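Chains as they are written, first to last, in the numbering used here: chain A, 2 to 296; chain B, 113 to 666.
Any given hint could be a false lead.
Said to hold, decoys possible - Stretch-level coverage of chain A by chain B, calculated; a stretch enters the list once three of its residues show a Cβ under 8 angstroms from a Cβ in chain B:
| id | region |
| --- | --- |
| 1 | 58-69 |
| 2 | 238-249 |
Claimed, not checked - Short, incomplete list of chain A residues facing chain B, as computed with Cβ under 7 angstroms:
| id | residue |
| --- | --- |
| 3 | Leu49 |
| 4 | Glu255 |
| 5 | Thr256 |
| 6 | Glu259 |
Said to hold, decoys possible - Anything over 12 angstroms on all C-beta distances counts as not near chain B; from chain A, calculated:
| id | residue |
| --- | --- |
| 7 | His21 |
| 8 | Leu25 |
| 9 | Gly82 |
| 10 | Ser105 |
| 11 | Ala127 |
| 12 | Leu132 |
| 13 | Leu139 |
| 14 | Phe152 |
| 15 | Arg173 |
| 16 | Thr200 |
| 17 | Tyr217 |
Think of the hints as simulated: they come from the structure by calculation, not from any bench. Just so it is clear, the structure is predicted and the values come from calculations on it, not from any experiment. Don't be surprised by glycine CBs; every beta carbon is placed ideally from N, CA and C.
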Amino acid sequence: MTTDVISDITEAEQGSSLWHDAWLRLRKNKMALFGGITLLLFVIIAILTPLIAPYSYETQNLDLGATPPSAAHWLGTDIFGRDLLTQVMYGGRISLAVGFVATSVALVIGITWGAIAGYVGGRVDAVMMRLVDILYALPFMIFIVLLMVVFGRNVLLLFLAIGAVEWLTMARIMRSQVQQLRQQEFVEAAISLGLPPHTIIRRHLIPNALGPIIVYTTLTIPSVMLLEAFLSFLGLGIQPPQTSWGLLISYGAETMEEFPWLLIFPGLALTLTLFSLNFLGDGLRDALDVRRSKD
Amino acid sequence: MPHIDLKRTLWIGALASIFALSLAACGRGESNVAAGNREAVMHYGNGTEPQALDPHVMTGSPDVNIAMAIFEGLVTRHPDTMALVPGSAERWEISDDGKTYTFYINPKARWSNGDKLTAEDFAWSLRRSLHPDMGNQLAYVLFPIVGARDYANGKNRDPESLAIVVLNELTLQIKLDNPDPYFLGTMSVYATYPVHRATLEAHGKATDRYTPWTKVENFVGNGPFTLHEWKLNRRLVVTRSETYWDKDKVKLNAVVFHPVESETAEEKMFRAGQLHFTAQVPLSKIPAYKAMENSPYRQRKWQGTYFLQLNTNSPPLDNQLVRKALALATDRKKIINTVLRQTEIPNSVMVPAGTPEYRSPSSLAYDPEQARALMAEAGYPDGAGWPGMEFIFNTSENHRKIAVVLQQMWKDELNIDITLANQEWKVFLDTLNEGDYDLSRMGWIADSLNPATFLNIFTTDNGINRTGFSNARYDEIMLDLVPPTADQGERNALMQEAEAILLEAAPVIPLYTYNSKHLVQPSVKGATPNVLDIQNFKFISLNPDAPVWKDGGQ
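Chain B on its own, in the form it takes in the complex (with noise of 0.2 angstroms):
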């Protein structure tokens, strides 16, 4: 028998007009995009919670954001132009051989606790970066220093074996084994980044990975901002600097980065006005963004490569025909042009397309006539006696939906049958680095435009190369031959040459080059998309006057 529970339904009366209320509140109160607008505050869409705010252990993407913000290399970027711009090193000299850099600190750099920043503090914090007890995967850039390698590597445990010489209180002095175009776009690089050293040591011993010294009470960076609040997974923000060199040209007040894992509620979130920038944005919501007039979003081609990797230790992978066979049967175009939406740009070779200075040699185009040639030679014939093979890929919904297309691309043009598998990033990982699996996905982004970025990583010992890949001459070309050489049409010529040898011996197929997507307020100015995909707050400013983008436009 039915009844009405008087007093539960005056409870949820009750519950019911509290709630309406709080939601007409909000309509009411202004948004996060107008209120920052107006107070020169930005509010970031920064992906995940960050994992470290100290610059020789990061590598995460939203922590490397807000180390953009709170640290400043010796030189820096712009923006618009990707040139290199005086950081906290007023100016540099660079010898006529190319291997010697003088770089001059800025006498007015100081740290945010108003110590005075000195060529001894980036000396010592780059031999903190390279330091072997610190585990910092970034090291690798600072290689081509004199004794770098062998120092990281914990062969010589000297720190005066590195060629990072203080010449006087504000000069420094670094030495290169071979001369480097890119070293100097290097010197603007996380890794890079000068510590507190005396902050460090007050919180444990320098070389942890991690200390209480990032606490916001405990902070001191160089940069254009300094950390001021730090909530576990609400919001991080950091404010304008009052001791930063050239804190006149900081035109925003505070910025708060929000991490927010999911696109979708990133979206909605841009969508409420409460961001002015996205980290990624949706790519079911790209085409509908695409075709908006006076659209928030911004696409731009991003230096990095998507590839799937093949482990040429596993049958029938270790037969290069099949690797080769695999190559030529993917339509790259078609996976872009249906699930991918044209939202990336079809590669098929390592080094992304319009680097600049470099061209990639032909590669293997789509020719399904050929991939059955090769399968009939390797002695799977129509796909007769394929033993199977599994394609592993992190979980997330772009992978996998190329995955899916893959599994049927082959199926249709080779008769062979793969599995797919999905895996957390971390197991993914520890995965690929056992070799225990065929085929996977995987996406290398570059932090310079130097192309050999992206074939170093497949030299013989790289831990990046996990595909069991090893060519005498491809190792030769690239750790002994490319470095020493000075002259651009040389090196590119050698690194042509190993390109065209990886992509012949295929444990690699390029699938694409990467777009980096945002969805950015109108009242954003100075946050250009670039080829980089990197925000310099110092050059960013909000339009006090722009509308608030929200639902439809407005």
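For reference, chain A alone in the conformation it holds in the complex (with noise of 0.2 angstroms):
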């Protein structure tokens, strides 16, 4: 009987409360609203890309080569004269899933490893964060071009081994997170009220770290698409006729004075992305910051 009551009541205070008013919050903040609306019409642009690009991706046309933009081709052509408009939508597709998969990863093996280390902490932290240690002192492209070798180029695993290095400082900010939350006199009711410590994890430790994981979340997809650029840069990630913004902008920048437009708007697809991210962030953790709520 009594369990029941109390779950009735956590349930109760989480559905009213935490989202709904980080909804009313976030809605009041113009910026966010911008921006998570923004990278909305990105995803759904990228998703759509192949039944709405103006053009094929890969068929060139060497005789037009690299035209400004005009009527026919909006954005103009690359030198291998194929339409920009194309090449940025498919590579915001790669881009984007790039962005999102790996952070993805990078936030669920992070916060998992940073939240167990934190809570359990003694001897169980000491050799759990000795390995995220160990893990930094390899040098990450090391580290990636192992995994690459290893298992063979592929988009996927792309994806997965970028999220494989990128988590290491997540796990470090959540595990800070919670060894100062478990001194809270509300952690420790919820553990004198025999609470299993997976359910005060997930119930009371991650909401209330969310601030920094989101800031730093919206840090992580800039800094994982970039790295995906440079990384195909070097043959590693994704090649030809394949594209991404991050490979668009560096073929740019080579023939910038000549041809600037093969800079410009791949280069304005990113930022706006980031600056999307980075509203939407700051939006979302003053939306979400649970002692605010509280007062």
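The two chains are supplied separately, each in an independent frame; assemble them into the complex guided by the hints.
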């Protein structure tokens, strides 16, 4: 009987206050809303690209070559005579996918790892965090190169490999947050009520640590996108005719004085995405601040 | 609530004004080129940081450019005519049978420490260059010498087995197995440069590849210039040698080699008046430079071939029909006229067009109809059943462009898919050497005008032949028949037969003959673009009255 009452109370509180309040607060934040809508738009475009792209992304028209924006090619064409708008759209699919998938991988591993280490503490914590230290010490490039060499080139593996090196900082942030929160009365109360550790971590610790995690996530996504461009440039990532924003930018930069549009448009797409992410991240952090909602 | 952090703002303001001041100071200061023109100091864009200054170790062109300044061979090339002129040897004799070369060292020739340059120095250095422990990748150029091949391969460790004989203090005699009309030119190549024995032995074993003897404070050379300063990744400076036998002819006081790896950065430095001469020119800038009046851009045919190599052990390329189909479906003119912007010369044969005294046999010209027919015959009609293959190239913008175009060209003509992969240069070479590839790009640049240079590399056991191509008649011609043939006409007929065999088997698809491309300041005299793309600093001078070429001229 008693346990039923408790779970009723927690559920009631969760459902009504945290997410609903957060949404109300987020809605008032114009910049965050703008960021969210832009991102959503980009994601929808990325998903629909194969249906709505004006041209094929690999068909070349060498005789046409690089042309500035025109009625036929809204963003112009690249040196191979391929439509740049199509390139940017297809590039967005890869870049956004890499950004979100790799970051999610990093989030899941990092949060779980950090929360367990921080919550359990003691010897387990020491071992887990030393492992993180060791991975930190490994040059991440070598790690990714090794992964790619052993398992072969593959876009999905690239996502996972990047995620697998990006979770370390996330784990540290999570652990320090959890260590702090653990000392607080509401956690002690939850422990004394006999809640199992995974419930405490899920219901109490993670929501309270959400702020810094969201901020760090919004920072991770762009860095992951850039990392992908870097790896692709080294020949470890995606290969032509597939493309990504990072690759388009690095090619565009080489000819920016002659064909500036090849740099400007992919750059604009990436910048807009990163700004949107940052605005949205800022907004979400404020909106989801549990402490503020308690006041 | 935004608020202005006064302290921080002040700091930023202070920093900004310091930055602005320093910029202004730069603007007022004299450019490298202006100062260099006045003081006869040449600023030379030299690609990357040199890997080695030991002429028996080096292979990269940045290293070779420096070696051309600080060493000198028995003979040297005049940059305008490519004619062989006396280097450290004041004269030479070639016997009537073309097999014995006698070099008379210039009695005035000195090392940079004042020691006399002797025939023994050359004999010792040539033996070192060939020594199996040196691992000298260019040792093969000396293989015409009697005993050289066996000595370099470690089959015969006796240095006396080499027909390199010191007749007296200043006379050196070299005997060849067969008459070789290109051997004199070989003696101007860096692998034949002398090194100072006492200096080498003072700093380690003579056959060690890297010892401190090439450090500035230890270095001894015999070239028109000597090593003066070497700041890693900053600059390497050579100054006029006071002991050089022909020092009155040397007009430059110093050459500053700038290691600028990025061609974009190099072009910017040139435009800012910081360089007299660039190692390369970014492709995207070439059309603009070509269109200029009084353009500093110099483009000239270069003795090198850019080709695709096909692994004949790797299906589907083990099928000759497929290889020929790929060759026939390759529209070289289109690649060069579009993405390469006419900066190279289309070439469908291995030996560069215009090689003196040689004409290549006719080759597989662009013919998509026949290519499709061959693919059908090979069992892939309209690409059906094509197993796929991978095209690897070393990371570079131009290689990528060519790969992307070929990928689509073959897709359009033959309806086949290939994947692309770029690799860092050393990884790329490893992959090729292990034969773990289908198709890759490759370039071969000659250090002489001998057409055999381009054909020898495809004999069965040659280390450069990574295609698996092996043809008994081809090997016979290139290894046994061409070397002893003295008559140029007969040699050419043999080599044409060999080249025809190579092109028919199609383990390679030649794409173009290289052009060398440089930006050169108007003040530079004597740096004539030439077919071997070498600069002989001894012949270069700077006109102090010439204007400095900067952005948009001046």
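Against the structure, test the hints numbered earlier, and report the numbers of the ones violated in rising order.
3 and 9
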